[in-house]
Amino acid sequence: MGGPSGYERPAIAGSGTIACGLAACATRVSEVQVLARSDASAWRAEEQAQGEARKLDDADPSRIKVTTAVADLADCDVVVEAIVEDHDSKVALLSEIEAACSQAHLATTTSSLGVGALGRESGASGRFFGLHVFNPVTRMELIELCLPDGVDDDVGERARAWCGGLGKTAVEVPDQPGFVVNRLLFPMLFEAVHLMETSGMHATDVDACMKLGAGHPMGPLALLDFVGLDVAVAIGESLHADSGEEAHQPPKLIRHLVDEGKLGRKSGEGFFEY
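For the sequence shown, position 127 (counting from the first letter as 1) is numbered 127 according to the working numbering, and the numbering increases by one without interruption.
Quick caveat, the hints were computed from the structure, so don't treat them as lab data. None of these values were measured; they are calculated from a predicted model. Check each hint, because a few of them may be wrong.
Unchecked claim - What follows is a set of in silico ranges between Cβ atoms, one per label pair, in the way DEER data are often shown:
#1 GLU245 / THR67: 27 to 33 angstroms
#2 GLY150 / ALA208: 45 to 51 angstroms
#3 GLU96 / GLN249: 31 to 37 angstroms
#4 GLU237 / VAL180: 28 to 34 angstroms
Ideal Cβ placement from N, Cα and C applies to all residues, glycine included.
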């Protein structure tokens, strides 16, 4: 059983922005391992995660340990997968982790894929749950906690305690694509794109209306750029496949920008230039 913080030997499988932010938060509780796929990505992940930890109260950058060997995670009590939002890639990595960490609880940061299905396909049913964090992880307070049917009784208790130790508020959500936030948010983001197309308004003006009139800290088009337009397409496709609602269908303009390599902030250009 875990201590008051739920988990004491966590690992994050991934080396991107979400993984590094989650690792930084985890140092509030204990040491944390970060699994990277290559030496180059390991070096970048260590630098980024430690930098994020330095910005947090009660975090300790020295608690971050980076590895490229799945076998090094064998003694972990929880391993959280945080890689690209692609079903096959997640199942492949989770299956590898499950084989090396037969006693650990496993989790995924998916924002749009079925949690129960990922657990079954990776062989981790019963000890697998969803832990959807939001970018930037070090600043966003919510974790959407998804406990699929058949999960062991102690998983929810330990997961909730760990979320609290990370400084987050966990809200249990149903196992449906998009959970709550993205299922409600993306129709609005996509409608902003349609509005820009049909009205001829500039992205700057659409965003100004929502920031100044609705009190949003970031306009919908800038938010799409922040999320990544390729990620937005993946989320929209998952939502639409589940609901059939036209509001969940990614707009053609987003697909066109993705085809041109304009993915938002991470590529330097999307609806805006960076």
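- [ ] For GLU245 and THR67, compare the CB-CB distance with the range 27 to 33 angstroms and indicate the outcome.
- [x] violated, 42 angstroms
Task: Status of the given 28 to 34 angstroms range, CB of VAL180 versus CB of GLU237 - done: Given about 19 angstroms between the Cβ atoms, the range is violated.
TODO: Indicate whether the distance between the beta carbons of GLU96 and GLN249 respects the range 31 to 37 angstroms.
DONE: Holds - the Cβ-Cβ distance for GLU96 and GLN249, about 34 angstroms, lies within 31 to 37 angstroms.
Open item on the list: Looking only at beta-carbon atoms, does the pair GLY150, ALA208 fall within the given range of 45 to 51 angstroms?
Closed with: holds, 47 angstroms
The structure is inconsistent with the numbered hints 1, 4, although it conforms to all the rest.
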